[in-house]
Amino acid sequence: MRRWNGWGEETTVVELPGNGRDFLAELVGPGLTLPDATLEQVLAKVPASRLPEHPLVVREARDRLLHARGQSLPDWLAMREGEFGVFPDGVAYPQTAEQIRELLKFAELWDCLVIPYGGGTSVAGHINPPTSDKAVLTVSLEHMNRLQELDEQSLIATFGPGANGPQVESQLRARGYTLGHFPQSWELSTLGGWVASRSSGQQSLRYGRIEQLFAGGTLETFAGSLDIPTFPASSAGPDLREVVMGSEGRFGILSSVKVRVTRIAEDERFYAVFLPSWEQALEGIRTLVQARVPLSMLRLSNAVETTTQLALAGHPGQIAWLERYLKLRGAAEGKCMLTFGVTGDRAQNATSLRAARRILKAFGGVFTGTLLGRKWAQNRFRFPYLREALWENGYVVDTLETATDWSNVDNLLNRIEASLRDGLAAEGERVHVFTHLSHVYGEGSSIYTTYVFRPAASYAETHERWRKLKHAASQTIANNRGTISHQHGVGKDHAPYLPVEKGPLGMAAIKALAGHFDPSGRLNPGTLLQD
Numbered sequence: 001m002r003r004w005n006g007w008g009e010e011t012t013v014v015e016l017p018g019n020g021r022d023f024l025a026e027l028v029g030p031g032l033t034l035p036d037a038t039l040e041q042v043l044a045k046v047p048a049s050r051l052p053e054h055p056l057v058v059r060e061a062r063d064r065l066l067h068a069r070g071q072s073l074p075d076w077l078a079m080r081e082g083e084f085g086v087f088p089d090g091v092a093y094p095q096t097a098e099q100i101r102e103l104l105k106f107a108e109l110w111d112c113l114v115i116p117y118g119g120g121t122s123v124a125g126h127i128n129p130p131t132s133d134k135a136v137l138t139v140s141l142e143h144m145n146r147l148q149e150l151d152e153q154s155l156i157a158t159f160g161p162g163a164n165g166p167q168v169e170s171q172l173r174a175r176g177y178t179l180g181h182f183p184q185s186w187e188l189s190t191l192g193g194w195v196a197s198r199s200s201g202q203q204s205l206r207y208g209r210i211e212q213l214f215a216g217g218t219l220e221t222f223a224g225s226l227d228i229p230t231f232p233a234s235s236a237g238p239d240l241r242e243v244v245m246g247s248e249g250r251f252g253i254l255s256s257v258k259v260r261v262t263r264i265a266e267d268e269r270f271y272a273v274f275l276p277s278w279e280q281a282l283e284g285i286r287t288l289v290q291a292r293v294p295l296s297m298l299r300l301s302n303a304v305e306t307t308t309q310l311a312l313a314g315h316p317g318q319i320a321w322l323e324r325y326l327k328l329r330g331a332a333e334g335k336c337m338l339t340f341g342v343t344g345d346r347a348q349n350a351t352s353l354r355a356a357r358r359i360l361k362a363f364g365g366v367f368t369g370t371l372l373g374r375k376w377a378q379n380r381f382r383f384p385y386l387r388e389a390l391w392e393n394g395y396v397v398d399t400l401e402t403a404t405d406w407s408n409v410d411n412l413l414n415r416i417e418a419s420l421r422d423g424l425a426a427e428g429e430r431v432h433v434f435t436h437l438s439h440v441y442g443e444g445s446s447i448y449t450t451y452v453f454r455p456a457a458s459y460a461e462t463h464e465r466w467r468k469l470k471h472a473a474s475q476t477i478a479n480n481r482g483t484i485s486h487q488h489g490v491g492k493d494h495a496p497y498l499p500v501e502k503g504p505l506g507m508a509a510i511k512a513l514a515g516h517f518d519p520s521g522r523l524n525p526g527t528l529l530q531d
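When we follow the UniProt record's numbering, the leftmost residue of the sequence shown carries the number 1, and every step to the right adds one.
Below, simulated PhoX-like cross-link-like pairs (lysine-lysine); rule was C-alpha separation at most 25 Å, straight line:
no.	residue 1	residue 2
1	K327	K375
2	K45	K134
3	K502	K468
4	K327	K361
5	K134	K511
6	K105	K134
7	K105	K511
8	K375	K361
The following label-pair restraints were derived from C-beta to C-beta distances:
no.	residue 1	residue 2	range
9	A457	L312	20 to 28 Å
10	E40	P232	52 to 60 Å
11	L371	T399	24 to 32 Å
12	A512	A362	44 to 52 Å
13	G521	E283	44 to 52 Å
14	G224	V13	43 to 51 Å
Quick caveat, the hints were computed from the structure, so don't treat them as lab data.
Beta carbons are placed, not taken as given, at the ideal position from N, Cα and C, and that holds for glycine.
Can you make the complete structure from the sequences, with help from the hints?
Okay, here's the thing in structure tokens:
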């Protein structure tokens with residue numbers, strides 16, 4: 001069963017290694033735990049629904065509670081404290097496009113707001129009901145999860161928008177295909193959510209981001225149904241796919257999604273390489289991607305993340321042996337770990353591996369084979385569960401991400417880390433900060449930063465600590481040539497910073513589109529655009 005106040009399945013537990021608590025205590029201080037509310041306590045706070053009865057709408061307290069929050073750190077704190085704030089007044093579970101259209105008519109008739117809901121994995125406040133005198137209807141697409149059609153000549157699959165990662169892959173793999181889209185939230189997030197938030201998967205270097213995979217589909221809006229046909233390419237005016245992607249539920253609700261799929265590869269392997277310094281590692285990864293070596297994944301951890309990963313990996317004896325070996329090979333203090341994948345037929349992968357070895361060895365790379373790569377692949381979707389373990393040990397963890405051009409990567413990364421590391425200095429609190437580059441392009445890279453700090457004496461004070469850190473880092477990103485989001489979307493948390501990136505004319509265009517598809521402003525207010 002899925003956790004009501006945290007990430008993922010209750011049966012999945014990621015333990016903090018025995019030395020992890022001591023490691024963090026040395027870096028930021030001894031942990032501090034806050035009391036968690038019980039489910040019964042929170043259910044008692046769900047108010048009466050303001051919606052009338054409808055056969056498609058569930059008004060039970062538990063359904064409304066389970067769809068009231070996402071997975072951002074403010075959401076986490078609200079759930080653990082039991083102070084959710086606003087609950088939706090009802091949750092609908094449509095199974096067809098016709099039922100979605102019926103629900104939109106219902107919303108017009110009863111003058112209520114509508115929030116589209118996929119897997120509930122938002123870390124930017126996309127799905128949180130706003131405080132309003134209008135009733136709020138959350139439309140969960142979880143029952144629209146089937147593979148509806150597979151065009152094996154064109155390699156285009158049509159899905160319901162509520163299919164989560166495992167549902168997408170299992171239905172495709174039964175036919176010999178894959179979508180290849182693996183965000184860290186893969187086990188819970190949905191295809192419709194990936195499109196709406198412009199998601200990126202861990203192997204986007206091979207398969208592409210969702211904008212390369214999204215081929216067309218149907219968007220149900222208050223102005224009518226928008227059908228987007230599939231073309232391999234078109235010069236017939238602006239691409240309407242781009243209108244839908246990144247719209248975050250402001251324009252309509254996806255009722256079908258068509259995606260470009262790939263036949264399952266013959267062979268796939270992941271390797272770990274250690275480079276002696278950040279400067280050598282950064283130059284090496286840039287050279288590698290600009291040489292267009294056909295890899296499926298590149299992930300480069302800076303020195304602090306590398307140290308943290310090894311410290312929290314467990315198996316201290318094996319890690320000590322690895323450290324000695326790397327030191328002998330010239331990768332000691334300041335070393336950075338690079339994980340990369342090769343996916344394709346065996347001959348192609350062998351060629352890619354030789355090219356990667358040749359380039360990375362020129363920058364001092366020490367190859368350690370596939371053991372650490374296999375460990376990464378096995379645990380690639382487990383990192384979000386670590387928040388639970390850290391919380392139980394008295395620590396708070398959050399992440400943020402951006403992307404920028406290569407000429408600005410080092411500058412922006414250093415500024416982001418400094419804004420977080422120094423963000424609580426006035427309170428005498430330390431923040432542990434580390435970063436990796438997880439999506440690389442010929443012209444630049446994403447920057448994904450994790451920060452760990454101690455809770456304050458209360459939930460309100462802890463939230464204020466997060467707010468200070470988030471605001472400092474977001475301002476740094478917006479004012480230093482970074483996008484406010486590379487893969488998590490805008491939501492409500494990032495909306496204040498979007499105008500810096502888009503400019504007045506760009507923001508006016510987005511608002512005009514929202515007004516065209518949703519004249520009364522019922523769809524997901526406050527998300528993407530500040531209302």
